[in-house]
Amino acid sequence: MFTDLYFRLRALVRRQAVERELGDELRFHLDHQIEKYVAAGMTPADAARRARIEFGGVDQVTEACRDARGVSLVDTLLQDLRYGGRMLRRSPMFSCIAIATIALATAAIATVTSLADTLMWRHLRAADAATLVSVSATRGRPTEGVVSYPDYASFRDRATTVSGLAAHYSTAPLFVAVGATAKEVNGAVVSANYFPLLGLQPVLGRFFHADEDRVPDRDRVAVLGYDFWRTWFAADPSAVGSALTVNGVPFTIVGVAPANPVALTPLPVNVYIPTMMLRVGYRWCKDSLASDCNTLGMVGRLAGGRSVAEAAAEFAAIMPERWRHAPVGENRGVAVRQPRGMSEDDEEPRLVATLGAVAILLLVVCCANLGGLLSAQSASRQDEFAIRVSLGAGPLRIARQVITESLLLALAGGAGGLVLSRVFIGALSRMFFSMDDEGHPLVYDFSPSMPILLATLAAALAAGLLFSAVPAMTAVRRSSLRPLATRSTSARWAASRGLLAVQAAVAVALVATAALLASSARLVLTGRNYDASHVALMRLRPRLVQYTPERAQRFQREVVERLRAVPSVESVSLVGVGSILGGGTAKATRPGWPKEQEMTVRYNEIGPAYFATVRTPLLEGREFTDGDTLQAAPVAVVNETLASRLEPDGRRLGAVIVINGTPRQVVGIVADAAIISRTQAAQPWAYIPFWQNAGAIDSRIAVRTSGDPAALLPELAREVHPIDPAVPIADTITLPVQIAGLTRPVRVAALFIGYAAALAMLLTAIGLYGALAFAVSRRTKEIGIRLALGAGRGRLVASIVREGLGVVLAGAAVGVVLAIFASRLVASLLYGSAGSDWLFYAAAAAAVGVAGLGASLMPARRAAGVEPIVALRQE
Amino acid sequence: MDLPQGTLDLLILKAIALERQHGWAISERIEQISNNALKVNQGSLYPALHRLERRGWIKADWDVSDNNRRAKYYQLTKKGQKQLEEQTGAWRSLSAAINLLLDHS
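Protein sequences appear in the order of chains A and B.
When you number the first sequence by the working numbering, it's gap-free, plus one each residue, and the end is 1001.
When you number the second sequence by the working numbering, it's gap-free, plus one each residue, and the end is 106.
Any given hint might turn out to be false.
Claimed, not checked - Each computed DSSO-like pair below joins lysine-lysine, with the alpha-carbon atoms no more than 27 Å apart: (1) A:Lys162 / B:Lys80; (2) B:Lys79 / A:Lys162; (3) B:Lys60 / B:Lys79; (4) B:Lys83 / B:Lys40; (5) B:Lys80 / B:Lys15; (6) B:Lys60 / B:Lys80.
Just so you know, these hints were derived from the structure itself, not from any lab.
Small disclaimer: the values here were computed from a predicted structure and weren't measured.
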């Protein structure tokens, strides 16, 4: 076994030495034989002749010895490669097309793999990442739950399968002021053991002492993120020891975190404060450190030799007793897993799977196309193969030659694809993964990794084998014929017809799907019953600076009034919960309804002119006005879906609805207006006036303008700032940008599948053109005869175009069926009704048809240009 | 007389069983011992030697020969020794059986 390996290796690596030894050995034998004959009385010349005759051909013996040593496999491979390289250089056009096509197709594979790696597979970038676990509460829903500080402390103190358990709230919006500069940035509230547990070292100063995280609200210390330190303090070392204000509370800076901290979320952390200061970082609970305030995520380090499963079992056993009886929606279980990837929901993995399927489909189309071109090319190399066969090459050797050449092309294409994918990933990252739906910068780590390299290599090799399969078999079959056998071109065209039809079908399906997605990405901005264009947003958070509700209401009213006065502003409104067009949930019922009939509805608190601002049609009644205050009668507006559930018998306006326990009179009914995809059902919505919620403090302002909303943003902030400079203004972005951030999957899918569709269409056209051009060039003689016999040039063109177009249209018909299935698969990404989908199918079929027409016209015209005399003189 | 199929390996192993030999000496030895009845074709001898070496039954060293030239000497390995015994046994029983068959009349 090992001697065998050693031999083959030595033969490979020390090729020349081995060859020389072999020559020496054989020469020694001959010389000995000659000496023997000379000793027996022959003349030296006779002796030499005799010995040589006996020995046989030295070359043959040498070759047989090489075979015996078992190196011929590698030898022939190298020979194939050299030969292949020469052949590919000789037909540069084909080589370029092949390499470019494979590069474009493998780039798609590499891009998807990169997305998958970053979103789903990658370990945290931490020392010894394999022993890190994230611990989260489960709530009987896919979303994973955060826990309260007392629950965290109980896990931390009781768990033995982890050597440490840290708590973190890594998406804390902190309003930070240093001197005169103030801004809302993303921060983190972390336990003192957070940094040591993740193996981080400060670049300056220190991290938190354990003692600084023991007494609530006592130790006001902060650690700066590296980039924050560089931009806000110009990387000045004297920052350590100086002061900064977080949400109105002064802190002392004690250290600076390293440039590449362990990123637990895509939101980079600018400022860290200890968990005992959670009340500064989180203002939505009455007491942020109480057991009913869930804010913290947990990350642990497995104790030596312990597994994730052991930790999971232990955490389930030691979880707080009251979790066991909690209803769905509250913390009622615990999950321990290795943190992998940055994806926080299951929507992104589903998207990546869809894109992966598209990329593989694209690769197959690419192979079908190249297979067609290559067999055309190898058909024209028939003579060359025939010569090689007559020189003694076996049919398998010829097939191997074809496969080696293809692999050479495929690997070159794969390398190109890898490079190209970095460009694509860079673009995707900039377009979709650099800002969240509230305008915060995001950082995703898309750096190259082993899975990307392996996937690309595998794709390239598979492509090489796949697209050489047909030509290799043809080569075997052909070379076993007599070299000068008659050429059959019609048979070849028939074979490539199938491949072309498949390509056309896939192209139509991809074009239709891409168009549907692109239209959805646009629809989601100017959807049914709302229009996001021309709306600017701003988030005002007086809660961060301890406003009381009364003061906040006065403040918000003044803001609305001031903004209304800005020229070019058409209307101003605000919401209290969640985002514009979004919101929270509430319990809704009718007076006298039994408890079981109570509904959970979508809910928001909105200002006057809200529906005018987002352009949602008011069907009946009125919008809220400035007069709907706490002193006025409680009112509500409901959407159509809720109205039909409340009062199926017709009279809806004036009905009384109980929202979160307060009876309210319905004064208006609006059309259903929510960003919901085709797989989501219409939701019931209830709206109450912002002014009628006694507890409302923070708001999101929406401003409709006649001009460019992005240009208005700075002016809006300038107007609001003087009212109270201490109130943090955040998230100044436009509504389209926000919706785009919320609907990232549809936009990523539209772009990616659009790319695949364009490539598939191009490939179909190239493939068709190549096949027809080849058929025409092979039939020059026949065409010449037909022309000489009086066939009309017009009819000739028509017959060739008909041939090409027939294939494409047959494929397109299948493609439409495929497209219908495909649109079902991506339905969760589609917005708007399916009623007009057939338009997209028809348009896709037409587009591919036109491409097919163009591709067949060129060879047809060349055929029509054939001069009968010239054609007949050929061959 | 040409060698029956598959017996060359056995003869080579036997020829170098006592002491190491170079290729020419192996073919000479086979011819001498068989009283020139068996003739080894060089075209099969050397490939066979290389094959046996690859299998690890024999190993080769370069050394200086009797006539002061560099020659490649082959000698039996442990594995080759075992093979020689096995194949000798197999050949004996085969030829005995064939003799039995031929003598029977």
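Results of checking the hints against the structure:
1. With a C-alpha separation of about 33 Å, the suggested pairing of lysine 162 of chain A with lysine 80 of chain B is violated against the 27 Å cut-off.
2. A C-alpha spacing of about 33 Å is found between lysine 79 of chain B and lysine 162 of chain A, which places the hinted pair above 27 Å, so the restraint is violated.
3. Pair hint lysine 60 of chain B plus lysine 79 of chain B holds up; C-alpha atoms about 10 Å apart against a cutoff of 27 Å.
4. Using a Cα cut-off of 27 Å, the hinted pair lysine 83 of chain B and lysine 40 of chain B holds, with the two alpha carbons roughly 25 Å apart.
5. At most 27 Å may separate the alpha-carbon atoms for a hinted pair to count; lysine 80 of chain B and lysine 15 of chain B meet this at roughly 13 Å.
6. For a cut-off of 27 Å, the pair hint linking lysine 60 of chain B to lysine 80 of chain B stands: about 10 Å separates their Cα positions.
Going through the hint list in order, the structure does not satisfy hints 1 and 2.
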